[in-house]
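Q: What follows is the residue order along each chain.
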Amino acid sequence: MKKRIFLSFALLLVLTGVFIVFSISAGSADISPDEVVRILLGGASDDTSEMILLKIRLPRTFAAAVLGGALALSGYMLQTYFHNPIAGPFVLGISSGARLTVAVALILAARGAIVLNSAVMAAVAFAGALAAMSAVLLMSSKIRSMSLLVVCGVMIGYICTAITDIIVNFADDSDIVNLRGWSVGTFSGFKTESLVVCAVIIFAALAAVFFMSKPISAYQLGESYAVDMGVNIKAVRIAMILLSSLLSGCVAAFAGPVTFVGIAVPFLIKMLFGTAKPIVMIPACFLGGGVFCIISDMIARTVISPSELGISTVTSVLGAPVVLMIMLRKNKERVRD
Amino acid sequence: MLEIRNICAGYGKREIAHNISFTVRGGEILTFIGQNGSGKSTLLKTIAGQIPPLSGEMLIDGVNTAGINRSELAKLVSAMLTDRPKTDMMTCRDVVETGRYPYTGTFGLLGDDDRKAVADAMEMTDSSELADCFFTEISDGQKQRIMLARAVCREPKILLLDEPTSFLDIHYKLTFLEMLDRLRREKDIAVVMSLHETELAEKISDTVLLLKNGYCTGIGKPSELLDRKTLTEHFDISGELYEKYHG
Chain A
1 MKKRIFLSFA
11 LLLVLTGVFI
21 VFSISAGSAD
31 ISPDEVVRIL
41 LGGASDDTSE
51 MILLKIRLPR
61 TFAAAVLGGA
71 LALSGYMLQT
81 YFHNPIAGPF
91 VLGISSGARL
101 TVAVALILAA
111 RGAIVLNSAV
121 MAAVAFAGAL
131 AAMSAVLLMS
141 SKIRSMSLLV
151 VCGVMIGYIC
161 TAITDIIVNF
171 ADDSDIVNLR
181 GWSVGTFSGF
191 KTESLVVCAV
201 IIFAALAAVF
211 FMSKPISAYQ
221 LGESYAVDMG
231 VNIKAVRIAM
241 ILLSSLLSGC
251 VAAFAGPVTF
261 VGIAVPFLIK
271 MLFGTAKPIV
281 MIPACFLGGG
291 VFCIISDMIA
301 RTVISPSELG
311 ISTVTSVLGA
321 PVVLMIMLRK
331 NKERVRD
Chain B
1 MLEIRNICAG
11 YGKREIAHNI
21 SFTVRGGEIL
31 TFIGQNGSGK
41 STLLKTIAGQ
51 IPPLSGEMLI
61 DGVNTAGINR
71 SELAKLVSAM
81 LTDRPKTDMM
91 TCRDVVETGR
101 YPYTGTFGLL
111 GDDDRKAVAD
121 AMEMTDSSEL
131 ADCFFTEISD
141 GQKQRIMLAR
151 AVCREPKILL
161 LDEPTSFLDI
171 HYKLTFLEML
181 DRLRREKDIA
191 VVMSLHETEL
201 AEKISDTVLL
211 LKNGYCTGIG
221 KPSELLDRKT
231 LTEHFDISGE
241 LYEKYHG
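Top to bottom, those sequences are chains A and B. In this text, residue positions in the first sequence follow the working numbering: the first is 1, and each later residue adds one. In this text, residue positions in the second sequence follow the working numbering: the first is 1, and each later residue adds one.
Hints may contain errors.
[Stated by the list, open to error] In silico lysine-lysine, PhoX-like type, Cα no more than 20 Å apart, as pairs: (1) A:LYS234 with A:LYS142; (2) B:LYS221 with B:LYS203; (3) B:LYS116 with A:LYS2; (4) A:LYS277 with B:LYS244; (5) A:LYS234 with A:LYS214; (6) B:LYS75 with B:LYS116; (7) B:LYS173 with B:LYS203; (8) B:LYS86 with A:LYS234; (9) A:LYS3 with A:LYS277; (10) A:LYS214 with B:LYS86; (11) B:LYS86 with A:LYS330; (12) B:LYS75 with A:LYS214; (13) B:LYS203 with B:LYS75; (14) B:LYS229 with B:LYS244.
Note that these hints are calculated values from the structure, not bench results.
Produce the complete structure using the sequences and hints provided.
A: Structure follows, in structure tokens:
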């Protein structure tokens, strides 16, 4: 048991390292992996390669790793919260809620010729994510069935997306320029400032979630068990809601919609590690989400190079089959019961 | 020792059990007897802290529980609940270990004491050989043993069980009660439970409390209370029906 967990962590770390190097060396300008390693270690190289590497590819890969981790972690918390393996920030409409408020904020800012800084963007996204989450929670108090809850979440997502589309369509052309790439989802074009803000928020949230792994493990068993174990269930619930909204809001604000990572990664990680214990799952999901998104991003920008696929196109192709697997497995369990 | 003083239990404005009082000493078993809906579960849930009491007091060894914080209280009172635990990919040992929760540190990692308590509880409930099986893959009777081990490894002063023998066949019912009987003697635990099987309640309980429509209609030794006349009245059955199937 312990050995499997140790080996799985080792595997994830190796994969992360290997794919960071691959991801940085892949692209239209040819830079070989050993040159990448040399530049990263501060060795001499020609200036264009170094520029492309440090200013474009490295931030992008870093963004994919950190935001991917945030998505997977947010998905894991939502699944735990709702005791539902197919809950996630995207299917519950939380990402779409965040995008709606960010779109409104961006357009208003463009009108007033104000440039929003990244911290404000993150705060706006957090508010949107929380609003959508509240709608889902309100419905979950009325609906007992978990699959119905997911359908409701998807509907909330559609409503938010539709309103976002309408707003974007009515906005002036000049306002939309900022929104186009963002509306299909991408890890490219991160300013250093945004990247720093994202990283600070996400790593702080990761630490907070990790320190909650004990009460989360109690919550996992079921509410009455958590109460029996002396857990303040209200506090745990609120913390889980706030942290998962913060994480998924942050991703939605800076990378746009990235689908299925939040559902597929926690499941794959659980299968790899052979356990659902939060103290293992929390760091593992974060690492796994990172690897998943680095690979997806690499595929997105290389298969039809020099053009690019939307990141969600790739994550859907990789992630949706996993979601189908989860549902089939769940169904089998119910039959066995 | 557990003292319940004038507890009214229910949900929000709906009072289900009215003005219940009793005392259970360490090593004793008190059993609630009553029809479905008589308030047994509501009362047990209230004592377990799952729902707040509407009024009344609860004292453990003379200390009012209202003044004890949640995690300290969890060390004193342990419950075996009717809800199924959600045990995705958990082995039986993992499930039992969750019983030690109030004693573990920030990250919930078990120390040597905790591991020993878990091993002892599994030994005592005759479930050691199930330790590495997945909880979802064992039988109902085995699950009850694991859940008992989970409740007991906390080394509580008070143990609460809500219909622990429902869904078990006669073999598991009797071995389960035998285990419980041994546990409370060896560990000096005060046990409060509800049982549907009056004939088993009579054998194992020191005290029975008759509950009807949320009111206590009798409390005392089982030999004095569980006679034919009281039972037929208490469960609203005719003497004829009682004779035919139960007498």
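Q: Against this structure, judge whether each hint is valid.
A: Going down the list of hints, with the structure as the test:
1. A:LYS234 with A:LYS142: holds, 18 Å
2. B:LYS221 with B:LYS203: holds, 11 Å
3. B:LYS116 with A:LYS2: holds, 19 Å
4. A:LYS277 with B:LYS244: violated, 53 Å
5. A:LYS234 with A:LYS214: Holds: LYS234 (chain A) and LYS214 (chain A) sit about 15 Å apart, inside 20 Å.
6. B:LYS75 with B:LYS116: Measuring from Cα to Cα gives roughly 16 Å; hence the hint holds.
7. B:LYS173 with B:LYS203: holds, 13 Å
8. B:LYS86 with A:LYS234: Holds. LYS86 (chain B) to LYS234 (chain A) sits at ~19 Å (cutoff 20 Å).
9. A:LYS3 with A:LYS277: holds, 15 Å
10. A:LYS214 with B:LYS86: holds, 16 Å
11. B:LYS86 with A:LYS330: holds, 13 Å
12. B:LYS75 with A:LYS214: Roughly 16 Å between the alpha carbons, so the hint for LYS75 (chain B) and LYS214 (chain A) holds.
13. B:LYS203 with B:LYS75: violated, 29 Å
14. B:LYS229 with B:LYS244: This hinted pair holds, its Cα atoms lying about 15 Å apart.
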